[in-house]
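Undergrad: What follows is each chain in one-letter form.
2 protein chains.
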Amino acid sequence: MSSDISQVKALVFDVFGTVVDWRSSIIREISAVGKQLGVDGDWEAFADRWRGGYHDGMQSFRDGKRGWMTADTMHRERLDILLSEYGMTGLSEDETEHLNKAWHRLDPWPDSVAGLTRLKSRYIIGTLSNGNVGLLVNMAKYGGLPWDVVLAGELAQSYKPDPKVYLSAATLLGLEPGEVMMCAAHLHDLHAAAKLGLRTGFVARPTEYGSGSRKPDLVADDSIDVAAETYDEFATKMGV
Amino acid sequence: MSSDISQVKALVFDVFGTVVDWRSSIIREISAVGKQLGVDGDWEAFADRWRGGYHDGMQSFRDGKRGWMTADTMHRERLDILLSEYGMTGLSEDETEHLNKAWHRLDPWPDSVAGLTRLKSRYIIGTLSNGNVGLLVNMAKYGGLPWDVVLAGELAQSYKPDPKVYLSAATLLGLEPGEVMMCAAHLHDLHAAAKLGLRTGFVARPTEYGSGSRKPDLVADDSIDVAAETYDEFATKMGV
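In order, the protein sequences belong to chains V and E.
Everything in the first sequence is counted per my numbering, starting at 1 for the first residue and increasing by one.
Everything in the second sequence is counted per my numbering, starting at 1 for the first residue and increasing by one.
Honestly, I wouldn't trust all of these hints.
A pair holds if it fits inside one copy or across any two, identical chains being indistinguishable in the list.
Distance condition first, Cα-Cα at most 20 Å in a straight line; then the derived EDC-like pairs of lysine to aspartate or glutamate [stated by the list, open to error]:
no., residue 1, residue 2
1, 164, 221
2, 164, 176
3, 65, 97
4, 141, 176
5, 141, 56
6, 195, 56
7, 9, 217
8, 120, 85
Rather than coming from a laboratory, the hints here were simulated on the basis of the structure.
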């Protein structure tokens, strides 16, 4: 592992999975709505398929089939399909919109707020997510995430791993790519950032996908600049 | 004064003059450099003319003569002219860039941090400035400004009072214009926002221009939704 991090001035974080535990939070919200409606179902599968709507929406953009959309839009489209499939009828439009914004109310992993707070004392800390700005701002208010700046694919009208998303973070901060570190629990995100000259930080989230079929990245590879088990340890390695 | 503010979810602030005392801060920095170089001069006039470079640069964009530029670029162009005129030679490139970033190190007015911190407990609080994102982020780190989100003309590639800058704030936050309040010490900024349906908040900054020729707005007019003498009083009026 290399460790030339002396030039780093800003840390930008992937959010879903890296900073917040989207799956447990979504399962909690959707199962509560199911109970309210008197519907039983496989809520883990519901959560994974809801999440899949976001990935499918981004892929349709990458394939040139659709224009840029907010995560909110992608979530709502898939939610409407799932509610119908699960026979969850009777929600008002306001209730459905509130449920769709469950993605704005995702719980931070236990070490996130403390780790970010430590890192903020020395670095600019920001998001760099494919979620839309409004979603990320609301999530930060909900979970107490102390971002200095909310950056997102939305500001480049694209999605990671499009190079222009990573480069937009450096440009907007007035920094060189090598002064920005991408932090994520997903190696593919870090590899895409590293190709452009950003530094990389990795903390595994072994339970991100729960019992779902997708497998988490458990260990960093040699290309990663800084890796740690928790964001507390990561802050220590970053000299805070 | 009307006061239909029950729908407001986010407050976006003008920054130069409204949140920070740019003139005193710039006079302090440039006079220190003058002393270091053994040059005496009218540092108030220097500050006002430096600030004028920013206004002139934005006007050249509005007139279609130049493309969009960061405040950093506009500041640097005028700085180079002023350093030459004042006979301030001998600064290295690094020293000149550091001096140019005096605009990233502007002191908050005495009530800004406490008022914003109170408002943050109930509202999303953000910038909506013609300064670039990197400048605003660095300024927040310097002055302890607790923004939830850093919004700027840069994100719409234009400058206030272009409607698309105000509307971009609502769009990025996922809010209707009437759910966003523009806060400023400058009535022209608030009038432009109000035309688009944003709510408006005013706190005067009587000493913004010091002994310069420009005159501050001292009182709100009937179009302003909420006006106060300080941001502490403003927070109280906003129900915090």
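Undergrad: Against each hint, give a clear statement of whether it holds in the structure.
TA: Going through the hints against the structure:
no.	hint	in the structure
1	164 to 221	neither (24 Å within a copy, 44 Å between copies)
2	164 to 176	within (14 Å within a copy, 28 Å between copies)
3	65 to 97	neither (26 Å within a copy, 45 Å between copies)
4	141 to 176	between (29 Å within a copy, 19 Å between copies)
5	141 to 56	neither (28 Å within a copy, 38 Å between copies)
6	195 to 56	neither (25 Å within a copy, 39 Å between copies)
7	9 to 217	neither (26 Å within a copy, 38 Å between copies)
8	120 to 85	neither (44 Å within a copy, 40 Å between copies)
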